[in-house]
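Chains B and L, in that order, are what the protein sequence lines are. In the numbering used here, each residue carries its 1-based index in the first sequence increased by 494. In the numbering used here, each residue carries its 1-based index in the second sequence increased by 381.
Don't take every hint at face value.
If you want the footprint, here are the derived chain L segments under chain B, 3+ residues with CB under 8 Å [as the list claims (entries may be wrong)]:
(1) 386-399
(2) 403-414
(3) 421-428
(4) 431-439
(5) 478-492
(6) 499-511
(7) 532-545
If you are wondering where the hints come from, they were derived from the structure by calculation, not from laboratory data. All C-beta atoms, glycine included, are put in the ideal place defined by N, C-alpha and C.
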Amino acid sequence: MDAYLPYILCLVLFCIGIYAVISKRNIIKIIIGVIIAEYAVNLFLILVAYRAGGRSPIFSSTQEILPEAMVDPLPHALVLTSIVIGLATTAFLIALAVRLYGKYGTFDISRMRELRG
Amino acid sequence: MIELYVLLGLMIAGSLIAIEVKNLLSAVIAVGVVGLGLSIVFLLLKAPDVALTQIVVEIVAVILLIRATLNRDIAMKYCGRRPFGAIMGILFTGFVFVIALITFKDGLNLFGAPLMTVSQFYPQNAIEGTGAMNVVSAIILDYRAYDTLGEATVLFTAVVGVLTVMRSPGKKKEEDLQDSK
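In isolation and in its complexed conformation, chain B is listed as follows (with noise of 0.2 Å):
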């Protein structure tokens, strides 16, 4: 079971994301709710690309190091795309909001219901 803890962890961080999304009523508690589930996300990648005792996955031109020696490079890379395309979803929704809060005058999605037509 202690192999499998630190994904576990991760899993609780992913699953706290999600609760808010589906439960909360303000824009931007949903909004962090988005945040929060995409960091699980890419932390339970780097968990997986992780090796005990590893290297971080950069040559060195006075040691040698081996490459059996590294953690998986694939996932940090991959992440580093997923990183900044997080972000630029999240200004994306942080516009979103801010526009319905000019419209409406709330961040309360309820209410923005109730105004409707």
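Based on these hints, arrange chain L on the given structure of chain B.
Frame of chain B; chain L shown alone:
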């Protein structure tokens, strides 16, 4: 790896505070705690490139969130509970948790023993193939450069989307009205 568990616990506590606290500015600051803890976790897991990117992205995200919440409903108005939504949220979240646990048992490699089936190609051939000492930069700038191009495209599309949404409406209509008069 006790420090990894301590940091993960800090991140879980920070995210619980972020989604339950009533003051929006405090919630945004708690998200900042989660993101900076995440970057330290990346450092512990031997991913320095990802940790640097995470610090920059986290600071920008917190600045954007503060910009969105500043002077707007800082203290959330209390407007009644929604017990049905909370119960459904807890049920669905528990469902996701159980399904993910079952899936962990089936196919996931143990923590600290990566699969390295495809990706062992990259550390073995990075220096001969690209000349880069950093394998991660060899992957994102050479082997998978199209991914980086797609990332730049997504960033550009997001900037265009934000500009379209934030553009102040009505100016052009007034000009049109004056022209028609």
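Which of the numbered hints above does this structure break? none
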